[in-house]
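J.: Sequence:
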Amino acid sequence: MKQKATSALLNMILIVCSVLTIMPLVWMFCSSFKTNIEINSLAQNFFPQNATVQNYTDVLRKFDFLRYFFNSLVYSLLITVITVYTSTLAGFVLSKYRFKGRDLLFSMILMTMMVPGVVTIIPRYSMMQLLGWLDSYRALILPSVFTPFGIFMMRQACASVPNELLEAARVDGANEFFVFHRIVLPLLHNSIVSISIFQFLWAWDDYLWPYLMIRSDNKQLLSIALNMFSGRYSTDYAGLFAATAIAIIPVIIFYIIFQKRFIAGISASAVKG
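Its first residue numbered 1, the sequence shown is counted upward by one per residue in the numbering used here.
No wet-lab data here; the hints were simulated from the structure.
Careful: at least some of the hints might be erroneous.
[To be verified] Simulated restraints on C-beta separations:
1. Arg61 to Arg215: 35 to 41 Å
2. Leu42 to Ile22: 43 to 49 Å
3. Leu201 to Arg61: 24 to 30 Å
4. Leu9 to Asn175: 27 to 33 Å
5. Lys260 to Cys17: 18 to 24 Å
6. Leu9 to Gly117: 45 to 51 Å
7. Met12 to Gly117: 21 to 27 Å
8. Ala8 to Thr57: 45 to 51 Å
9. Val115 to Ser160: 24 to 30 Å
10. Tyr255 to Ala5: 28 to 34 Å
11. Val115 to Leu201: 18 to 24 Å
12. Pro116 to Thr57: 39 to 45 Å
13. Arg182 to Met12: 29 to 35 Å
14. Pro48 to Ser160: 45 to 51 Å
Don't be surprised by glycine CBs; every beta carbon is placed ideally from N, CA and C.
Construct the complete structure from the given sequences, taking the supplied hints into account.
T.: Listed below in structure tokens is the structure:
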């Protein structure tokens, strides 16, 4: 009886937390069909009284939305592929190779996870300025090709790969390139999907670093371009909600498609260390 009561209480807490998490998204989506007059009125309604799709048509017609959307999509996919590959490669080396200073190196990588990213903004900006990379995608991508979190996750995942399997491949004449790409990578697909979702989400939502690096309007990302809905004296909330509703679609689709592998990958990364 006590166990059932505890289970019911936990389920109730999870339901409440889920509702609190989802409600802002639902409210934003409903507000995207309202007019600015209805949004700014004192008498607020959760659902639109006179639903309109004019906000979405205005976003696509008056606002260069598709360009910014495409820029963000290409940037997020590119940095996700590069970061996942480098993190998996580094995790494999730190997990399966024994060399002097390996544990110290891994400890230093873990220490960098405790340093807020804002602390390194000025040094990174100065480096990009010295290299002449300001207002280029190189300045966005290259500083992020190695992530401590990704390396940590993939090292934990690589630890679950049997050493006997790798040794058998080496005995058969396989080189390290073959071992990594043909044996290790296929075994880590769930963990790779997990870190890919994290990395894609971080890149898609990134604001501060792209804001500092990109100056040209034709290179601008969607997360920065959404500021154009905020004027000096007023904000087009209806257009902003419509643009934001479209902006979160790729992340939602990405997660829905790979949801099961995401959960399995997180579990696999925590099994062994």
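J.: Report the numbers of all earlier hints that the structure fails to satisfy, in ascending order.
T.: 1, 2, 4, 6, 7, 13
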